[in-house]
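Engineer: Sequence:
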Amino acid sequence: MDVGSKTEPARAEEVYTTPRKGGVMNKLYPPGPKPGAGGRVKNHYCLILIALVLVIVLPLIFIGLPKKAQHEINDSTLEVTNMEVTDPSPDSVHLKIENVIRSDSSYHPRIETFRAGLSLEGQEPFIYINIPEAKSESETFITVEQDVTFNSADAFAAYTKAVLSSEELTIDLNGDTTIHIPNLPATDVHYNKKITMKGLNHLSGLNISDIKILSGKSEILSDGSNMLGTVHIPNPSVMTLDLGNVTMNLGVSGKGIGYALLPDLVLKPGANNVPMQARVDQPTLISMILSTYKNGVLPLEIVGNSSVKGDAHLSYYEEAIKANTIKLDLDAGPALRAIGINVTDHS
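Per numbering that gives the first Met the number 0, residue 0 is the first one in the sequence shown, and the count goes up by one each step.
Treat each hint with caution, since some may be false.
Result set (BS3-like, lysine-lysine): computed pairs, CA atoms no more than 27 angstroms apart in a straight line [to be verified]:
(1) 321 to 197
(2) 267 to 197
(3) 267 to 326
(4) 95 to 308
(5) 211 to 160
(6) 197 to 254
Because the hints were derived from the structure by calculation, they are not lab data.
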């Protein structure tokens with residue numbers, strides 16, 4: 000054998016034609032059992048379980064939750080604890096309403112701000128108000144304060160008539176809003192509440208005292224008023240009402256004897272003592288007392304005439320007071336005695 004033709008030994012990678020135990024191929028693709036029917040069955044049941052959960056949970060979220068939310072809203076109550084109607088104009092007022100919402104719900108959702116209409120039952124809304132966002136608790140206090148323009152002047156006039164003439168009245172509040180419960184989708188609900196409030200009950204209990212008859216140029220006022228007094232007006236409601244300058248027609252037994260003015264009349268809850276100035280037909284009044292009402296007590300009839308703020312008539316208040324007649328016994332005896340007419344002499 001020639002030395003020059005000496006053959007080199009073969010390299011290992013040229014000899015191994017199959018992977019050895021523990022080699023690179025075994026590490027990349029370790030041997031093991033192939034997946035069988037058992038794994039596929041487990042996956043199948045997992046998919047069924049997921050589908051069942053979705054079938055049960057999704058209706059609860061998207062059907063049951065809205066129904067539950069609406070039920071909770073319906074079960075809550077709304078009470079108006081204070082209402083102030085001020086700064087009146089022919090087509091608007093400034094409105095402040097203090098409310099308390101009561102609920103025994105365990106959810107305590109957040110209620111988005113929403114626009115709500117106020118109306119008498121079966122009628123169109125007389126105004127719309129903006130309810131602020133609130134977090135529902137067992138008692139939630141909400142204040143609404145804004146300038147409002149009447150949605151319907153006729154509807155607002157009907158509302159003021161109901162306030163004046165009713166011992167109790169019901170107002171509907173309607174609006175759509177969205178509530179948010181933690182970890183659940185936002186839910187749309189319809190907010191519909193009937194608010195029961197006390198009215199002015201025809202101004203029942205109104206009385207006039209401290210009558211003073213004015214005579215002579217030195218006493219009679221510049222507007223011709225020749226009688227002064229104090230009007231006592233009970234207000235059993237929670238409403239404060241700015242009625243402007245209110246005039247009332249005065250009569251006895253169907254015969255007009257003059258009119259009275261209540262300047263800048265603001266009725267507040269409770270007892271109101273209001274200064275009155277009146278222009279009456281004094282000769283007719285005195286003649287009635289001397290001939291018919293000799294004890295000095297007159298069966299007075301009072302009917303509203305006008306309500307004016309600045310130079311503007313407030314027709315919605317005027318319609319209400321014109322539809323209301325107040326009857327009371329006016330004791331003019333002390334006022335007559337003060338000017339030298341002793342009614343006891345004619346009894």
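Engineer: Now tell me if each hint is right for this structure.
Structural biologist: Here is how each hint holds up against the structure:
1. 321 to 197: Holds. Residue 321 to residue 197 sits at ~21 angstroms (cutoff 27 angstroms).
2. 267 to 197: 13 angstroms, holds
3. 267 to 326: 22 angstroms, holds
4. 95 to 308: Roughly 19 angstroms separates the two Cα atoms, so the pair holds.
5. 211 to 160: 32 angstroms, violated
6. 197 to 254: Since the Cα atoms of residue 197 and residue 254 sit roughly 33 angstroms apart, the hinted pair is violated (cutoff 27 angstroms).
In summary, the structure is inconsistent with hints 5 and 6 from the numbered list given earlier, while agreeing with the others.
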